[in-house]
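Q: As a plain string of letters, each chain reads:
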Amino acid sequence: EPEVTQTPSHQVTQMGQEVILRCVPISNHLYFYWYRQILGQKVEFLVSFYNNEISEKSEIFDDQFSVERPDGSNFTLKIRSTKLEDSAMYFCASREERGRADTQYFGPGTRLTVL
Amino acid sequence: AQSVSQHNHHVILSEAASLELGCNYSYGGTVNLFWYVQYPGQHLQLLLKYFSGDPLVKGIKGFEAEFIKSKFSFNLRKPSVQWSDTAEYFCAVNAPGSSNTGKLIFGQGTTLQVKP
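Chain order of the listed sequences is A and B. Per my numbering, the first sequence starts with residue 1, numbered consecutively. Per my numbering, the second sequence starts with residue 1001, numbered consecutively.
In isolation and in its complexed conformation, chain A is listed as follows (with noise of 0.2 angstroms):
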């Protein structure tokens, strides 16, 4: 069954470092999402990016993030100078493009540590 991939597992980084996490949506679909959790809160929204442009995003999605998929198979997130609440899991999702109550299909997640 085809998946959602995500590398790497585990970043660690420095406070004011850029991190680039990197996805592999399922190859037909055509809507991706990144979303973050902190440990101990909710799994939160960050983006959504459809046909080659940012679709919806939230509060948290400032000017230190950024996503693209620059070569059709990749979707990336950007974070240009992290912070330490920068801390969290971060998942990517993707879905087809059938109907709004499609199913998102979501990666195993990065980890990523500032410190």
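Be careful, since some hints might not be right.
Calculated cross-link-like contacts (lysine-lysine; reagent style DSSO-like; alpha-carbon spacing at most 30 angstroms) [claimed, not checked]: (1) A:K83 / A:K57; (2) A:K57 / B:K1069; (3) A:K57 / A:K78; (4) A:K57 / B:K1049; (5) B:K1069 / A:K42; (6) A:K42 / B:K1115; (7) A:K42 / B:K1058; (8) A:K42 / B:K1071; (9) B:K1058 / B:K1069; (10) B:K1049 / A:K42; (11) B:K1061 / A:K42.
If the Cβ cut is set under 7 angstroms, some of the chain B residues that face chain A in the computed set are [unchecked claim]: (12) H1043; (13) L1046; (14) K1069; (15) T1101; (16) G1102; (17) F1106; (18) Q1108.
Quick caveat, the hints were computed from the structure, so don't treat them as lab data. Glycine residues also receive a C-beta, built at the ideal position from the N, C-alpha and C atoms.
For chain A, the structure is supplied; the task is to place chain B on it using the hints.
A: Structure of chain B alone, referenced to chain A:
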């Protein structure tokens, strides 16, 4: 703003006990509702979803959920839990609308521990 509440943060049951996990949402319009499960060390997987029709939906592994519109609820049930059901359970809502992008709003999750 839309929100999702899961009443139980941590539930401990013995095998064969019945399970009910509560989920309430705040959105007043038409919604799509989901339950996801995250087994230890694994990624979020869909258990079941509701978008229209019969308010009692059946999912994988013997789980079911009932959508009660008047109560804004979508509680998850299983008549007899197994040790392998130990996991974290997330209720999520997607509120369709003219500008909807499919984003999910999650509850805070319920950790279920089943004792053998």
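Q: If a hint holds in the structure, say so; if it doesn't, say that too.
A: The hints, checked one at a time:
1. A:K83 / A:K57: Holds, at roughly 19 angstroms.
2. A:K57 / B:K1069: Holds, because 28 angstroms separates the two Cα atoms, which is no more than 30 angstroms.
3. A:K57 / A:K78: 14 angstroms, holds
4. A:K57 / B:K1049: 24 angstroms, holds
5. B:K1069 / A:K42: 24 angstroms, holds
6. A:K42 / B:K1115: Between A:K42 and B:K1115 the Cα gap is close to 25 angstroms, so the pair holds against 30 angstroms.
7. A:K42 / B:K1058: 25 angstroms, holds
8. A:K42 / B:K1071: 22 angstroms, holds
9. B:K1058 / B:K1069: 17 angstroms, holds
10. B:K1049 / A:K42: 19 angstroms, holds
11. B:K1061 / A:K42: 24 angstroms, holds
12. H1043: 4 angstroms, holds
13. L1046: 5 angstroms, holds
14. K1069: 16 angstroms, violated
15. T1101: 4 angstroms, holds
16. G1102: 5 angstroms, holds
17. F1106: The hint holds - B:F1106 has a Cβ within 7 angstroms of chain A, the shortest such distance being about 4 angstroms.
18. Q1108: 5 angstroms, holds
Checked against the numbered hints given earlier, this structure breaks only hint 14.
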